[in-house]
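Novice: Sequence order for the protein chains is A and B.
For the first sequence, the working numbering begins at 32 and goes up steadily by one.
For the second sequence, the working numbering begins at 32 and goes up steadily by one.
It should be emphasised that the hints constitute simulated quantities derived from the structure, not laboratory data.
Values in this document were obtained by computation on a predicted structure and should not be read as measured data.
Treat each hint with caution, since some may be false.
Pairs involving identical chains hold if they fit within one copy or between any two copies, as the list cannot separate such chains.
[What the hints assert, rightly or not] Okay, derived cross-link-like pairs now, BS3-like style, lysine-lysine, Cα gap no bigger than 27 Å in a straight line:
1. Lys126 with Lys199
2. Lys100 with Lys288
3. Lys199 with Lys53
4. Lys72 with Lys271
5. Lys252 with Lys156
6. Lys156 with Lys186
7. Lys48 with Lys75
8. Lys75 with Lys156
9. Lys100 with Lys156
10. Lys48 with Lys195
11. Lys252 with Lys226
12. Lys46 with Lys271
13. Lys288 with Lys252
14. Lys199 with Lys48
2 protein chains.
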Amino acid sequence: MLLHSIDEVREVVQKWKTEGYKVGLVPTMGALHDGHLSLIKKAKSICDKVVVSDFVNPIQFGPNEDFDKYPRTLDTDMKLCDEEGVDIIFAPTPKEMYGEGQRLSNNTLTYVCPPFFYVNTLCGKTRIGHFDGVCTVVLKLFNIVQPDYAFFGQKDAQQVIIIKKMVKDLNVPVEIIQCPIVREASGLALSSRNKYLSEEGKKDALVLSKILNNIKECYKKGIVDVNALKETAYSFLTNKHDMEYLEIVDKDTLENKTAADDNSIALTAIRVENVRLIDNIYLGE
Amino acid sequence: MLLHSIDEVREVVQKWKTEGYKVGLVPTMGALHDGHLSLIKKAKSICDKVVVSDFVNPIQFGPNEDFDKYPRTLDTDMKLCDEEGVDIIFAPTPKEMYGEGQRLSNNTLTYVCPPFFYVNTLCGKTRIGHFDGVCTVVLKLFNIVQPDYAFFGQKDAQQVIIIKKMVKDLNVPVEIIQCPIVREASGLALSSRNKYLSEEGKKDALVLSKILNNIKECYKKGIVDVNALKETAYSFLTNKHDMEYLEIVDKDTLENKTAADDNSIALTAIRVENVRLIDNIYLGE
Chain A
32 MLLHSIDEVR EVVQKWKTEG YKVGLVPTMG ALHDGHLSLI KKAKSICDKV VVSDFVNPIQ
92 FGPNEDFDKY PRTLDTDMKL CDEEGVDIIF APTPKEMYGE GQRLSNNTLT YVCPPFFYVN
152 TLCGKTRIGH FDGVCTVVLK LFNIVQPDYA FFGQKDAQQV IIIKKMVKDL NVPVEIIQCP
212 IVREASGLAL SSRNKYLSEE GKKDALVLSK ILNNIKECYK KGIVDVNALK ETAYSFLTNK
272 HDMEYLEIVD KDTLENKTAA DDNSIALTAI RVENVRLIDN IYLGE
Chain B
32 MLLHSIDEVR EVVQKWKTEG YKVGLVPTMG ALHDGHLSLI KKAKSICDKV VVSDFVNPIQ
92 FGPNEDFDKY PRTLDTDMKL CDEEGVDIIF APTPKEMYGE GQRLSNNTLT YVCPPFFYVN
152 TLCGKTRIGH FDGVCTVVLK LFNIVQPDYA FFGQKDAQQV IIIKKMVKDL NVPVEIIQCP
212 IVREASGLAL SSRNKYLSEE GKKDALVLSK ILNNIKECYK KGIVDVNALK ETAYSFLTNK
272 HDMEYLEIVD KDTLENKTAA DDNSIALTAI RVENVRLIDN IYLGE
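Produce the entire structure from the sequences given, and follow the hints as far as they go.
Specialist: Dropping the structure here:
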């Protein structure tokens, strides 16, 4: 069932709740791929009813980011959701979510602001305001749908950590379920932004998973010094790769480490053909 | 029933909800007076079950404000709530609400941040971060109790406006009920901070309601120019009065007016004996 309005979603979900159904929410920006489908399958496996939100959220994009050209494929998304037995696709307009007649900013809109410590690092360093926009829309979706469970991919590792922190800090009555990264056979992590890449670019993009796999192998062989682990990456890079960051931090708190351990996560962001790609790997698994 | 833990409150309220009861929340910082009791009576009149939270919220006090000396009168509060038939008094510790082992700041804690436009005016000008702290704790209480209705006094006019804005912006599934100011026979608006005043100070504090009543009378007589209305106040002030602000703004949006109308509200903050007092009046009623 495709719904565009907040009131309609609330009405259907409230009816489900009175009938005792457990409700799952999979928040997406559409352009669904197998990564999203893995979240939906997980949701279907533990919930009676599943809502997929399909909304390209304007307030999580910076002024020089790809909001306008971000892929929008609602018809395909609907078919995929149908095949997975999704109960509601919630595809609101920006106006439905944020009202109209105002420039969206923290001058006119209430924001949820995750802690600086979690934001001023990794992706947050260059994507100013990004995680405020993410937390704000996610809390809105939680309040609209009031799910029992919500599903997020480990691909956006910093995002999941920040959302878990928000849920804890604000006592949000939703359980967050984190699902593993889905990759192509080549190793490339699935992302809606992969659509921007040429065939050549997709090959160059394999560098992210190669660097991370190599760091993990080195860690398993006994190298724990974070600087030494990070240095193993540079031989993989060519002039096709514009690295934004490569960090090894605590997988729950994002705290920097000098020595990696089984709670560490290695994360990287690299631009290929000017497309910003991210990937990460748990060292302890 | 006095409860200190979040889990206990959730358990009782969830049981109520499955039984179809409508739940009301009256958020307070304790030190209950007839103003609070009017909120509780209103809640009792439209809800099946009423929760009063009694928590002096550290994150809404600035470093030079009265957090430590703010009156704490839980035993009296409990008696008053009992007389009104309150079902739960929720009196958590700061540790229960915010965890321990961390300095409370936006470096370590997720905050709800109301729009700058609503915050950088009136009380927010001098109470930096105050409304972030208020919205954060109120949203936490909403998420813990999950009430159908929540009750706030018009006394803290800017607070109610900001909370209504938060509820709208974040799609919070709670209906906000605003209740009128309760005053002593003298005209003094009830406030927990009145306890700080001497008998002499309480007399000097009547200036707030006098100024506001006079502005309303002048408006009813046909004076609409905001500057002219504000100027009528100065003859009431003596060296016992340290005025922080006197403003006439839109009662819903806080927008400045040059000409008052029936949607206007006059608000003032004045220090008497170094006690910061606030009051306000609707011009249109």
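Novice: Decide, hint by hint, whether the structure agrees.
Specialist: Quick rundown of the hints versus the structure:
1. Lys126 with Lys199: between (29 Å within a copy, 13 Å between copies)
2. Lys100 with Lys288: Neither. Shortest intra-copy (37 Å) and inter-copy (41 Å) distances fail the 27 Å Cα cut-off.
3. Lys199 with Lys53: both (21 Å within a copy, 26 Å between copies)
4. Lys72 with Lys271: Answer is neither; intra-copy 36 Å and inter-copy 69 Å both fail.
5. Lys252 with Lys156: neither (31 Å within a copy, 57 Å between copies)
6. Lys156 with Lys186: within (18 Å within a copy, 41 Å between copies)
7. Lys48 with Lys75: both (16 Å within a copy, 26 Å between copies)
8. Lys75 with Lys156: neither (35 Å within a copy, 49 Å between copies)
9. Lys100 with Lys156: within (23 Å within a copy, 40 Å between copies)
10. Lys48 with Lys195: Close inside one copy (24 Å) and across copies (26 Å); limit 27 Å.
11. Lys252 with Lys226: neither (36 Å within a copy, 68 Å between copies)
12. Lys46 with Lys271: neither (53 Å within a copy, 59 Å between copies)
13. Lys288 with Lys252: Within one copy, since 18 Å is at most 27 Å while 70 Å is not.
14. Lys199 with Lys48: Result: close both inside a copy and across copies, 23 Å intra and 23 Å inter.
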